[in-house]
Amino acid sequence: MQSSTYPVALHVEDLHKSFHGKSVLRGVNLQVPRGSVFTVLGPSGAGKSVFLKCLANILKADAGRVSFEGRELSPYDSVAHDGFRRRCSFLFQSNALFDSLTALENVALPLEQTTDLGKVEIRKRSRAALSQLEMEEFTGHYPAELSGGMQKRLALARAIVTRPELVLFDEPTAGLDPLRRNAVFAMIAKYQRQFHFTALIVTHDVPEALAASDRVALINDGRIGFEGTPSEFSASSNPVVCLFRDSAQALSDSLAEIRRSNPMPQTL
Amino acid sequence: MLTWLGRQTLCAITEIGDFSLFTGKSFCCAAKTKGLAKRVARAVHEQGTICLPVILIVGVFTGLVLGLQGYHVLSRFGSQGLLGTLVSLSLVREMAPVLAALMLIGQAGSAFAAELGIQRNTEQIVALETMGVDSLGYLVTPRLLAALVVFPIQTALFVILGICGGGLSGSLLLGVDSGVYWSAVHRAVEAGDLSECFIKSAIFGLLAMSTCAYQGFHADRNSSAIGARAVSACTTRAVVLSSILVLVADYVISSFFV
Numbered sequence: 001m002q003s004s005t006y007p008v009a010l011h012v013e014d015l016h017k018s019f020h021g022k023s024v025l026r027g028v029n030l031q032v033p034r035g036s037v038f039t040v041l042g043p044s045g046a047g048k049s050v051f052l053k054c055l056a057n058i059l060k061a062d063a064g065r066v067s068f069e070g071r072e073l074s075p076y077d078s079v080a081h082d083g084f085r086r087r088c089s090f091l092f093q094s095n096a097l098f099d100s101l102t103a104l105e106n107v108a109l110p111l112e113q114t115t116d117l118g119k120v121e122i123r124k125r126s127r128a129a130l131s132q133l134e135m136e137e138f139t140g141h142y143p144a145e146l147s148g149g150m151q152k153r154l155a156l157a158r159a160i161v162t163r164p165e166l167v168l169f170d171e172p173t174a175g176l177d178p179l180r181r182n183a184v185f186a187m188i189a190k191y192q193r194q195f196h197f198t199a200l201i202v203t204h205d206v207p208e209a210l211a212a213s214d215r216v217a218l219i220n221d222g223r224i225g226f227e228g229t230p231s232e233f234s235a236s237s238n239p240v241v242c243l244f245r246d247s248a249q250a251l252s253d254s255l256a257e258i259r260r261s262n263p264m265p266q267t268l
Numbered sequence: 001m002l003t004w005l006g007r008q009t010l011c012a013i014t015e016i017g018d019f020s021l022f023t024g025k026s027f028c029c030a031a032k033t034k035g036l037a038k039r040v041a042r043a044v045h046e047q048g049t050i051c052l053p054v055i056l057i058v059g060v061f062t063g064l065v066l067g068l069q070g071y072h073v074l075s076r077f078g079s080q081g082l083l084g085t086l087v088s089l090s091l092v093r094e095m096a097p098v099l100a101a102l103m104l105i106g107q108a109g110s111a112f113a114a115e116l117g118i119q120r121n122t123e124q125i126v127a128l129e130t131m132g133v134d135s136l137g138y139l140v141t142p143r144l145l146a147a148l149v150v151f152p153i154q155t156a157l158f159v160i161l162g163i164c165g166g167g168l169s170g171s172l173l174l175g176v177d178s179g180v181y182w183s184a185v186h187r188a189v190e191a192g193d194l195s196e197c198f199i200k201s202a203i204f205g206l207l208a209m210s211t212c213a214y215q216g217f218h219a220d221r222n223s224s225a226i227g228a229r230a231v232s233a234c235t236t237r238a239v240v241l242s243s244i245l246v247l248v249a250d251y252v253i254s255s256f257f258v
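Chains as they are written, first to last, in my numbering: chain A, 1 to 268; chain B, 1 to 258.
So that you can see chain A by itself, here it is in the shape it has in the complex (with noise of 0.2 Å):
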């Protein structure tokens, strides 16, 4: 159950990463306030994932602190780790399908194994979870046979199901079309209003990302070079921020630069 009386969900303090010598992360420090939809931006490369998978322990931090809901996940407390766990979901950029079982397998296993809940029980949350992203119809489907929107939508059942206070969302418009990206970022602002939970997303789609976040952060060179709400970051003349931000517009300058120096041949 979501606690009241700490208004931040996650708190991540100094965090370091490095991978064969080669820093990633030089001292992310990040507060998610609880309830909200947090969105870390990044070019590819900057360390996006990276930051995620320490969050959620599957890669170990050289350095730092990460506390939930007021309670340090210090690497050696299993306990801490076991609750967190149990109170947070990952949704992977490749999904992480189990490709073996069915879409409603996929769902229910989560339930399955870590909660005590009855067959029918399991069996009425999953189809749920399913009817929610409207996936009712592809119950006896497996992964292969769904369409990459479909998958993610299967990913996004999965990690709800079992009811988390943090989402964890890794690169959830990755390989999408532009039409797909507006239709995720829509599905996972729905449902957090729905369901309550903090979504911390790490995404390099900028005008979704602002459109569907409470708060954003730019994490450049290992770090968190800026952090606020989106029209703050509009609004930003931090040059780290102007040139992510602008990226686009540059690009279409860049190839109108280009068009003008070599202008296309009159014979065609």
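Read the hints as simulated data drawn from the structure, not as lab findings.
Be aware that a few hints might be false.
[Claimed, not checked] PhoX-like, lysine-lysine: derived pairs with alpha carbons at most 25 Å apart:
1) 34(B) <-> 119(A)
2) 38(B) <-> 190(A)
3) 60(A) <-> 22(A)
4) 124(A) <-> 34(B)
5) 38(B) <-> 25(B)
6) 32(B) <-> 119(A)
7) 124(A) <-> 38(B)
8) 124(A) <-> 190(A)
9) 38(B) <-> 60(A)
Mind docking chain B on chain A? Use the hints.
Frame of chain A, contents of chain B only:
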């Protein structure tokens, strides 16, 4: 040279320790895994069904060859009447447990290692862990417990088919009296031989499936191959290592029973 040798020895010791912990943990989490009986039953069905045709074919032909070779060797000493003894004891004490284990490694073990390797590659194992599900208990424990049942059953089947195959080549093709053959089988096989056979097959099952599970589960540890190549590399390693382990274990166990 000495540095290299030392490093390799340390690596081997670490690997053995890690493998032992992996197998131990897989059994320890049996008590905590939900729906284990159902998953064990499914694993028994999968391992048994996949391997049955191979066991049938190899069992019959091993018996046929043993009958043929045994008859020609025994006829040099005028002891064709002992063909049943030779076929049955060879199969029960040595050939059936080893050959059945090798067939099961080739079929069920390789499939298991590849499946786990793919699950590791596609983050399915990490996904289980982030959900708070014990990945060893869910994926590995049922297969190990199933192997303890399937290997002895398949070995027993192999023995029966092999003895029948030996009888077929000895009696029908080479003229040994079938009464003499079957009475020699009956007299030769004792309770101690059968217990050696089943102890061996259960140990082979445990060793083989835990090796395959270990290799598949840690498919991402191989720094020289990633992606699909990591899966093929872990499958190959699983089959080779578990086959070698079975043969080494066979020698060790046999030395206790002889």
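Quiz item: Which of the numbered hints are not met once you compare them with the structure shown?
Solution: 2, 9
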